[in-house]
Structure formats: C-alpha cells, structure tokens
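The whole structure should be built from the sequences, with the hints applied where relevant.
These are the residues of each chain, in order.
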Amino acid sequence: MTVTVLCFARLKELVGSGRVTLELPADASVKDLHRELFQQFPAVESLAGQLLVAVNGEYASDDAAIPAGAEVACFPPVSGG
Amino acid sequence: MTVTVLCFARLKELVGSGRVTLELPADASVKDLHRELFQQFPAVESLAGQLLVAVNGEYASDDAAIPAGAEVACFPPVSGG
Amino acid sequence: MEPQLQIRLTRAPINHVELTEAVRSPLCGAVVSFLGTVRELTQGRQTTYLEYDAYEPMAESELRKLAEQAAEKWGLHAVAITHRLGALDLGEIAVAVAVSSPHRREAFEAASEIMSVMKQTVPIWKKETWADGETEWIHPE
Amino acid sequence: MEPQLQIRLTRAPINHVELTEAVRSPLCGAVVSFLGTVRELTQGRQTTYLEYDAYEPMAESELRKLAEQAAEKWGLHAVAITHRLGALDLGEIAVAVAVSSPHRREAFEAASEIMSVMKQTVPIWKKETWADGETEWIHPE
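Residue numbers (the numbering used here), protein chains in the order written: chain L, 1 to 81; chain G, 1001 to 1081; chain F, 2001 to 2141; chain D, 3001 to 3141.
In short, the hints are calculated from the structure, not lab data. Among the hints, erroneous ones may be present.
Stretch by stretch, here's where chain G covers chain F in the computed footprint (C-beta under 8 Å, at least three residues) [what the hints assert, rightly or not]: (1) 2038 to 2048; (2) 2113 to 2122; (3) 2126 to 2140.
Note that the structure is predicted; figures quoted are calculated from it, not measured. Positions of the beta carbon are idealized from the N, C-alpha and C atoms, including for glycine.
Below, the structure is given as structure tokens:
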C-alpha cells in the first residue's frame, strides 16, 4: 500500500518536505515504516530511536499496524509549552 | 505603665472598640497583657489560647516583654488570602 | 540581581492584569498568577458578601517579608501581591499574586507557598455575611 | 457539572486576560494562570526569536484530552489553554493556561501538571534562532 507520512520539525528538514510517500506491505507496522523511511532518507537515521508516529491522530507503538487509508504522521520528541 | 492595644476582627467586636487602654506593670509580658485583657473584658476569654500579639509590628511570644511606648496589637487567628 | 517586589493593600477592585504585566520579563520563561475570588458557597452555605479588615502597617510588612523570602528561596525575578480590603461582592478578587522566574517549577512552587504562608501570618481577617443575615468573623483554629 | 474547556492554537499574540476571565466564576475561590514566555537566555546562549510549529489537529486533540483529564482529576470548574504558533519575539507569550477550582491547592496542582504533561505529549515543536544566526529545532532526548 502507498502511505503518505506527514513530517514535522527536524524530520521535515531532513526529508526536505512536510509529506513523503512510502510504499509499504499491506500488513506493515510502525517499525516497518521507520525502516522504509531510513532506507529512502538515510539522514533520518540520526533521529533513530527518537521518532514518534501517530496514526489517525493518536500515538502508535512500534508494533501497531498501519491501516490502509490512515492519516500517518512522524516527528521527533515534542518541545512546545 | 499605660499600654494602648489595637484590637481587630472578633476581638474588636468583643471589646467594643478598635483600641483599649490597659494598666500593666513596667516589666509586663505578653502573658500579663492577655490576663489583664480577660479581666477587663470577660467576654474575651472565649478567644483564650487563640489570641496573637504583635509588638511594634512583629509577632511576640507569650514570654516576650512589652517595652514602654511600644505599638501593641492583639487579634485572633488571621483569615486573609 | 535584586528581585522586584510590589506589595499593595487596596479598597478598590484589583486589576489582576496590572500585576501579571508587572512581573513579566524577557529574562523569565515563566509567570504564575493566583487569584483568590469570593466564593458563593462554603460547605453548602450561601455567602451574600465578604468584608476584609487588616492591621495595615503590619499586613504590608508581613507581605513584604513573605515576598522577599519567596524570591530568595525560589530565585524569582519579580513578585507582586495585592490584597483587597473592605466589602467585596461574590466573584470579586480578594487577593492576587503574580511571580516570574526563569523556570516553571519554581514559579508554581513559589506562588503556592506564598498563598499558604499568607493565610498563616498576614494580619488580615475575613468577615462572612451569610444569606440568612448572620455575620461571622472567620478565625481558623 | 461538566467542566468548561477552551482549547486554542493561534498565530496572533495571546491575550492572557481573556483566558483568565474565561475561567473565573463565583462558584470558584481559586484561579491559577500560567504564562510561558520567550526567554532571552538559555544556559547563557542568546535567543533572537523562536518559532513554533505543530501537527495542528492532533495538537488540539491532545490539548483537549489533557484539559479533560485534569478537570476530572482535580475537580476543576474550567480550563483554558492557548498555544501560539509561528514566530515569536523575546518576552512574548508562547503558551497560556488558566484553571479555576473551588479550592487553591487543586488549582495549583492542575495548572502545574497540565504544563508538565503538555511538554511530553502535545505535538508542537520549538525552533530557536540564536544570536549567531544558527537555527535549531529543539527535541528533548
């Protein structure tokens, strides 16, 4: 499936865009998404272990599945407030 | 010595005035002041054990001496804020 | 640097904006403000209005001590405290405290402690006028 | 009674007075407000200005969750939170929180906890522009 990932902050700088398109297997997990992101954008590995993923506006763990058509976002640790 | 005592809140109600004049020995302590107050105004005994005394704008313990000419104030526990 | 202290007793309504603005600074990342307002119900009993009386010179000096000690203990940039005296309607501000500090935790701790100590040491008293017409000076045991 | 919640993201300067007034009520004796403002110095390094970016729909929903959970936990009457986005000058307000509660301690605890949790969970990011021209997204480890 094709997944569009919204990217923010330092991640957005590293991938050069606020959204990137990844090709993932139909049963892909958040961990698979990370792996694909590192492969397409090797510079993103500098954020390995720090990146957070949200699926449909909720935080998702590494093992969570990514449903087809979901809104997916990926970002480094937050620093608002 | 003659000591003028400023009275506040419930104490002011009980003595019927914002200031009362007491006749005390020259070496009187805060405890002596309490005793004289209860004698002149028996209704004030309802506040026994609760009354606070300030001498020249600072809290004074029961054993503290009252210097001649000091500004003396007496009042029940505070409830501002 | 010496902390900025602003201590006031007033019979006019308290302008809480003025206090908050007084403590703000580009040197500080955090401002915490507290407003104590007149509550309609106390343990189910209806208040009509409140009156505050004070031993004014000592209340001012105790508030100043409190502000100085808090500023020193928590490294505050500025502290502003205003307490209202006289008659207050429901919802009006009885006391306002604003503090600023480089960091958040210190500002919260300081404002909270200023309020706790104020209620123990500052010679100000509250008189309730209840809905049934009874009046009562409040003197915590 | 349901707590009143007001959650906003804005690119305009934050009017902290409006937040504080929004939570006041004669049912409450206590209002605590927090302002997070842009600090000139961070560990001795000079900031020129800050920028905040957000994943806006999720930031709003996380702020709302946070306000609901705090209101429930501390029995708050009202919670108002506004976070600024875009470029901010030194001293400007980045975030404002105001809570009201019948009692003081709950209001302080709630406002403090809202700020702590916000810094962990709400997808908003700060970019420093330092005086030497360098820029840096801040991502706590």
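| request: List, from low to high, the hint numbers that the structure doesn't satisfy. | output: Hint check: 1 fails alone, others pass.
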